[in-house]
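Asker: Sequences listed follow chains A and B, in order. All residue numbers for the first sequence refer to the working numbering, where the first residue is 1 and numbers rise by one. All residue numbers for the second sequence refer to the working numbering, where the first residue is 175 and numbers rise by one.
Hint data in this document are derived by calculation from the structure and do not stem from the laboratory. Owing to the predicted nature of the structure, the values given are computational and were not obtained by experimental measurement. Watch out, some of these pointers could steer you wrong.
Ranges of calculated distance between the beta carbons of each label pair, as one might list FRET restraints [claimed, not checked]:
| id | chain 1 | residue 1 | chain 2 | residue 2 | range |
| --- | --- | --- | --- | --- | --- |
| 1 | A | S84 | B | G296 | 30 to 36 Å |
| 2 | B | A220 | A | R165 | 54 to 60 Å |
| 3 | B | A456 | A | G109 | 46 to 52 Å |
Some but not every residue of chain A turned toward chain B, in silico, with C-beta under 8 Å [as the list claims (entries may be wrong)]:
| id | residue |
| --- | --- |
| 4 | S54 |
| 5 | E80 |
| 6 | L83 |
| 7 | T147 |
| 8 | A154 |
C-beta: ideal position from N, C-alpha, C; glycine also.
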Amino acid sequence: MSAVDDGLETAREVAAQVTDPEMPMLTLADLGVLRGVRAEGPGRVVVTLTPTYSGCPALATMRDDVVHRLRDAGYAARVEVSLSPAWSSDWISEGGRQALRAHGLSAPGPAPGGAERRSGAPVPLTLAPVRRALTCPRCGAGEVDLTSEFGATACKALYRCRACREPFEHVKEI
Amino acid sequence: MSATTPGPAGSAYDGLLEHDADLTGDAAQWAFGTDFEDPLAGVDTAVPDGVEPAVLAAYCLMLGDDALVLSHRLSQWCSHAPDLEEDIALANTALDLLGQARLLLARAAAADPGVVPVLPAGSPVPPEDALAFFRDAEQFRHVRLVEVENGDFAHVVVRLLLAVTVRLAVLVRLEDSRDPVLAAIAAKGVKELTYQRDHAARWVVVLGQGTAESRRRLLGALDELWPLLPELLARHPGEVAAARAGVGVDPGDVAAEVDAVLDQVLAAGGLDRPAAAPWEGAGGRSGVHTADLASMLADMQSVARAHPLGRW
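Isolated chain B (complex conformation) (with noise of 0.2 Å):
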């Protein structure tokens, strides 16, 4: 595939275009709409009053991050899962929480387009893929629960429930953002997470009732990972003053909900609460990663680093 020109004229592929009649070159479309286009079009992204637009930009960089590196983790499960329909379901997961990430870090660019790597004069990578593409580990945001290594399916359950969970408690309150945008964008992420934490609830507990083996393994996968949970409920001054502008949502403030929720779900599954201790260290918040995120990232953006003036 060239990277720098639109394809040759008389290809094999202008069967594929859908309005050839009087379209070539960049104006061509695939059959499947594949062209970039600004996905925060039309709407209104003032910072409001008061708020310092670095504040609200470096907060949907964390939420952003959060969503983009769990999206990227569960897709590596694309046709490794148990069984086909849950195959489907991590996909499903990993599509919903890509668009979160894209209207997300496309929020924190028009917010600030200081945060936005600089690309080649003429390069075609709006800002939302800059961010996901361009940035090297130590500038990533999220926390570390989403970022490492995958293992097996009860591995995936147990991290998918513990940052939904987090994410679902912190988006409900968002709703109410004082930036339209951010408010209106978790509305939508809320009708999603819901599902996402449903699912994967309900596979903690079948696992945890299941057999010995699942039983197993799930303990295995909550003793690895609970270490982790506290990161994602600790207050970092990023977050702390977003919610201060009345755009944020302080993570303390959920963590009774949280627990409360989880609760639940270890009482279905017959848990007990994990007693190992947390991760120390400051944590993605601030920049702080595991090597896992560098091979993860590594693997993500070759491609796109390899073609910044690319078109796809």
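In isolation and in its complexed conformation, chain A is listed as follows (with noise of 0.2 Å):
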């Protein structure tokens, strides 16, 4: 396959199904980290990636899939980074949840703070432990456990269902 004259379709195409390395059911166009694709040049593109954390390890592996698929489509790609507006777990597409509850995951609910929390305004302190209303993405009951906070990437925390018993993963609002 090689890149013809189609504008930047294809090319926005392959960028947007580039997948994430630890949650591959989730597409990076899924995931609302793929910025923009833009031509640079006849056969050449750029691709603007933001990252979800600061120190996620992910975007290196995320910017080397997309240079390589773009590659095998034919592009000489190159990735830039867009560090504003900082991503939310809003921008998780509906298909994205739905991948996610799929494969057992639990998608995030709306974001803390969002857009009613201006740029400069203080953050306020939250003693009380963290309460989401979840269902098991598993057995789909509604009493769940929150097991830690912090999971095996920085963007899950874990739950526990108290019906079926299984551990599962919730990614978490941000």
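Each chain sits in its own coordinate frame; assemble them with the hints.
Answerer: The following block contains the structure:
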């Protein structure tokens, strides 16, 4: 397959279908980290990604995968970073949320603060335990216990279902 | 591991390469990408009008070094926490802070390349790594609170609470920095510091209201670390200059907010504000550090310094 004069549609499609290395049921488009694809010459494209968490090492893999997949499709690609606006779990698409649930992960609810927090406004302290109204992605029960706010990756918390007793991961709101 | 040449063809690691058909040598990628790439690739790093590049760079080093050294102290907890979940929590927090440090040190280097240590010609070490691994103790600009040797679990949650409470108050204000890069790094960091501060504060309350032993240890950690807090709120000339230029925050301006948050935590934990006298001396922002930093850096920097031309 080689780059044809099809504008950027093919390049956009290829970049959008690259998957997250930690949550491969999500494409970069589903995850909301793909911020743009633009041309910078014949067969040359620039893909813009935004990091999820400041230290998430998956970004390096995403960048490499984007470059390789586009190379396979006949494009010379490079990746730029977009830092602003900061990524939010609200950017995970509805299709991505369904894919998470289909793979036994709990999808995030609305991010705290969100639009109502203006930049520069103080952040209130929350001493009470984190409470989320979740259902078990395996059996659908609503009685779940938080095991830990921190999981195997920066973006996930650990839960256990009281009904089916299975542990599951919840993608955190940020 | 060879530090200067790519691995030999046909090695046992070939199976780990994800795209080995047309890639060899430097272009080959490990299954999990590990190559260095500018974390600010494509970001406009022009210094705003009217801002001294050296002022902006020095300020970014302060914020970046705070994050780097705290991250390293937290990462030293890996496999030592009271339970697995807490081990992962501390490691996650260390990772967030390392990410903030990487961006801030890269921003310092982009603002004023003069701050980056000079390495031998041909070294592939990126500027933010050169800053992390090739500066000596007196060139670091973090506060001493983040560098002192680790203690028990009460020590790490008190250190985290104090450091992150001040950092969150500062980064919230930095969201409106005249430097758009610093503003963007801050906006992202605020989200992470919010749950880090909640996590540390909850532990302080739990330990304070827990057993006699947990309370005894918590009080010990508060007495030990509280004297280091004033340094975080002191108005260092480098921070004042950055604040005057509209790119930084004068830490004196966050003191009231920090006090209010800490009072809230202390009250919930049934704890009195420690009375211990503040540490004296010029402090970390001026490059005056404790002996603990030297031994920490010897550990943290030894591999990088042994292989300034290394490719990993």
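Asker: List, from low to high, the hint numbers that the structure doesn't satisfy.
Answerer: none
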